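> Okay, here's what each chain looks like letter by letter:
Protein chains: 2
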Amino acid sequence: MIYSFAERVGQIKSSVIREILKVTEQPGVISFAGGLPAPEMFPLEEMKEALGRVLDGGNASALQYGTTEGYLPLREYLTAAMEKKGIATRPAEILITNGSQQALDLLAKLFIDPGDRVVVESPSYLGAIQVFRSYQAQFVSVPTDDGGIELAALEKALEENRPKLIYITPTFKNPTGETMSLERRRQVAELLEKYQVPLIEDDPYGELRYQGESIPPLKAFDKGNRIIYLSTFSKTVAPGLRLGWIVTGPELMAKLVLAKQGTDLHTGTLVQQAVHYYLTHYDVTGHIQAIRDEYGRRRNTMLEAMDRRFPRGASWTEPEGGMFLWVTLPQQLKTDLLLKEAVAEKVAYVPGEAFFAQGGGHNCLRLNFSNSLPSQIEEGIERLAGLLTRYL
Amino acid sequence: MIYSFAERVGQIKSSVIREILKVTEQPGVISFAGGLPAPEMFPLEEMKEALGRVLDGGNASALQYGTTEGYLPLREYLTAAMEKKGIATRPAEILITNGSQQALDLLAKLFIDPGDRVVVESPSYLGAIQVFRSYQAQFVSVPTDDGGIELAALEKALEENRPKLIYITPTFKNPTGETMSLERRRQVAELLEKYQVPLIEDDPYGELRYQGESIPPLKAFDKGNRIIYLSTFSKTVAPGLRLGWIVTGPELMAKLVLAKQGTDLHTGTLVQQAVHYYLTHYDVTGHIQAIRDEYGRRRNTMLEAMDRRFPRGASWTEPEGGMFLWVTLPQQLKTDLLLKEAVAEKVAYVPGEAFFAQGGGHNCLRLNFSNSLPSQIEEGIERLAGLLTRYL
Numbered sequence: 001m002i003y004s005f006a007e008r009v010g011q012i013k014s015s016v017i018r019e020i021l022k023v024t025e026q027p028g029v030i031s032f033a034g035g036l037p038a039p040e041m042f043p044l045e046e047m048k049e050a051l052g053r054v055l056d057g058g059n060a061s062a063l064q065y066g067t068t069e070g071y072l073p074l075r076e077y078l079t080a081a082m083e084k085k086g087i088a089t090r091p092a093e094i095l096i097t098n099g100s101q102q103a104l105d106l107l108a109k110l111f112i113d114p115g116d117r118v119v120v121e122s123p124s125y126l127g128a129i130q131v132f133r134s135y136q137a138q139f140v141s142v143p144t145d146d147g148g149i150e151l152a153a154l155e156k157a158l159e160e161n162r163p164k165l166i167y168i169t170p171t172f173k174n175p176t177g178e179t180m181s182l183e184r185r186r187q188v189a190e191l192l193e194k195y196q197v198p199l200i201e202d203d204p205y206g207e208l209r210y211q212g213e214s215i216p217p218l219k220a221f222d223k224g225n226r227i228i229y230l231s232t233f234s235k236t237v238a239p240g241l242r243l244g245w246i247v248t249g250p251e252l253m254a255k256l257v258l259a260k261q262g263t264d265l266h267t268g269t270l271v272q273q274a275v276h277y278y279l280t281h282y283d284v285t286g287h288i289q290a291i292r293d294e295y296g297r298r299r300n301t302m303l304e305a306m307d308r309r310f311p312r313g314a315s316w317t318e319p320e321g322g323m324f325l326w327v328t329l330p331q332q333l334k335t336d337l338l339l340k341e342a343v344a345e346k347v348a349y350v351p352g353e354a355f356f357a358q359g360g361g362h363n364c365l366r367l368n369f370s371n372s373l374p375s376q377i378e379e380g381i382e383r384l385a386g387l388l389t390r391y392l
Numbered sequence: 001m002i003y004s005f006a007e008r009v010g011q012i013k014s015s016v017i018r019e020i021l022k023v024t025e026q027p028g029v030i031s032f033a034g035g036l037p038a039p040e041m042f043p044l045e046e047m048k049e050a051l052g053r054v055l056d057g058g059n060a061s062a063l064q065y066g067t068t069e070g071y072l073p074l075r076e077y078l079t080a081a082m083e084k085k086g087i088a089t090r091p092a093e094i095l096i097t098n099g100s101q102q103a104l105d106l107l108a109k110l111f112i113d114p115g116d117r118v119v120v121e122s123p124s125y126l127g128a129i130q131v132f133r134s135y136q137a138q139f140v141s142v143p144t145d146d147g148g149i150e151l152a153a154l155e156k157a158l159e160e161n162r163p164k165l166i167y168i169t170p171t172f173k174n175p176t177g178e179t180m181s182l183e184r185r186r187q188v189a190e191l192l193e194k195y196q197v198p199l200i201e202d203d204p205y206g207e208l209r210y211q212g213e214s215i216p217p218l219k220a221f222d223k224g225n226r227i228i229y230l231s232t233f234s235k236t237v238a239p240g241l242r243l244g245w246i247v248t249g250p251e252l253m254a255k256l257v258l259a260k261q262g263t264d265l266h267t268g269t270l271v272q273q274a275v276h277y278y279l280t281h282y283d284v285t286g287h288i289q290a291i292r293d294e295y296g297r298r299r300n301t302m303l304e305a306m307d308r309r310f311p312r313g314a315s316w317t318e319p320e321g322g323m324f325l326w327v328t329l330p331q332q333l334k335t336d337l338l339l340k341e342a343v344a345e346k347v348a349y350v351p352g353e354a355f356f357a358q359g360g361g362h363n364c365l366r367l368n369f370s371n372s373l374p375s376q377i378e379e380g381i382e383r384l385a386g387l388l389t390r391y392l
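Taken in order, these protein sequences are the chains called E and B. In this text, residue positions in the first sequence follow my numbering: the first is 1, and each later residue adds one. In this text, residue positions in the second sequence follow my numbering: the first is 1, and each later residue adds one.
If you are wondering where the hints come from, they were derived from the structure by calculation, not from laboratory data. Incorrect hints may appear among the rest.
In this list, chains with the same sequence are indistinguishable; a pair is considered to hold if it fits within one copy or across any two.
[Stated by the list, open to error] Straight-line alpha carbon distances no greater than 20 Å define the calculated EDC-like cross-link-like pairs of lysine to aspartate or glutamate that follow:
| id | residue 1 | residue 2 |
| --- | --- | --- |
| 1 | K13 | D113 |
| 2 | K223 | E251 |
| 3 | K22 | E69 |
| 4 | K156 | D116 |
| 5 | K85 | D336 |
| 6 | K255 | E7 |
Treat the numbers as computed from the prediction; the structure is a model and nothing was measured.
Generate coordinates for the entire structure from the input sequences, incorporating the hints supplied.
As structure tokens, this is what we get:
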């Protein structure tokens, strides 16, 4: 039948990544396009044991309805984990979500009326752009450099636009892998005070550092509960569990709980209890270190292969962590057009434009290094270099 | 800090049930208030085994990101299950959701602009009322009788209001337990053709029939993909898994997939694979029959106790299935005021007003019989009868 949809549906479009992932499922394609963790690193045996333990002894609570806020022992665990990162919180100020993506949706639902302005980095995580767009937000894009969002441009954006929200991924940002400096974090926190605007800090990659000094999350510099901190177990345990969390103050938490209740009642009880068991009964620090070692190796393999093979004219970021790096080609090249040729050569990436809320990045592309084996990385970079050499 | 929320937040209020459940957590209270299945009936051992099998042999796909549509073998299983109910569909027309509640949220997101009209039964499921309200819908309430929604009133509502959506729970409705007759189903399907309006059929309780003849879902009478069918594993397997599904045509499915992608990427992979394993390796028919036998016993226990003890002036439904029955008291009694006294007597229910989108039901109350043991049901009804006898 012909449906009469809501106005916002005009804004809900298929993500470029989604369409690309379909193309790259062709056999033989080495895909640097997705944002998947390495399945070789999943704690399969440990999760199996944890699930078994949780269901032992007639523990029906693992299969029953649960509270909207989330499993209390897991929120207690996260309170201590946040403390170690310099974030003082309480279990009552943590909401368990179905991954960070749901956190973004709940926050957009609570904050965004059609036409409201949201400050995003340029480039930014495309899943966040999609969500804000689906609530009919207007974007104010602020450029970034290798020390994070540009401060003067951010202040100008706040001054001129009075946005509802700022959305930032300060650490190993998707798509560039870049990290906001310590000094910049202090300055951004001060700007939030001056302009009294809430900021969403999306931190899925914070644990994935392969070199350099650790920097506290932006939230650690928060002075008045202005920063809403999001993170996830998708990169440290496994994404198929769909477990993330939000840290914020009591006023916003009360609204978030109501929004989540209407959205899906609560996050799965079994998965929450099993992940809590896993976190408290296994060497999680060792597990995360193993992920760091492996991803660091893959990053190095990719960077070294690019150094050897990429033609002059291409430049790229050298991130200290995360899952992505970002390649910039000369202005005259269009990475979306180039992608067809790349797929014909059996290698894939995400064209840069997808990560810009208001255009830009047509000559850029994102490469993922966490989901391919080192031998595939070597081979895929060779294929890509061959293609680029024809144009540069 | 002081947040500037979106306009819709004014509509997002704490559910009465949520607040009540807190009160009824006091020790010694026999609660007929919640809508929980009996934890004694959960297939704990089977799920434990299923989860183990799914994680065996290095199956990392169970912990990896999955497709937004849901795990294909589960959608194939559901296609066959739907077929048995008279619903012809295909895996591509089934979306896996985090329980039915998420299905409602996704549909409201796609259909409802502020001020749009939604036809609901009077009374109706309060979780649905909450969701539509959070998208700033206007309600058009249509009365029901023991054969379902009143047809003439429904036609008048469609004629006068041109609603965006109709929302109905035709089988063992929450809160009354009543079921729409076969003839009424045919007539409603015809009205949908005449007025070209989509209808959401919410069917969480369809499998829970304890007496009488089975009736096909409303969707079985659908002529032009006008009926959007929702169901869930919450009542037949376990609610803590958060697994539901939507059946609809290809045009709407395309939009639903995009909306779900922005909302939380996809439903948990592990849980989908484990439930699929459970459904295909165990005697699920026998398991559901055991639930039917037990819930039927509890329903009978409640009805017999009410027959024996409730004073003249109270009347109630005698549903052939589901988890609830509905008590009507004389007009002068207010069940929300009475609740405090009931809790003092260590028994709880949900006051009727919660289930009316536009007021009504102040002299009614909902009783759940699935979550209490028969001995608790006897005792709880005795306490409630004692209270009612003081007023009747």
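> Can you name, in rising order, the numbers of the hints this structure does not satisfy?
5
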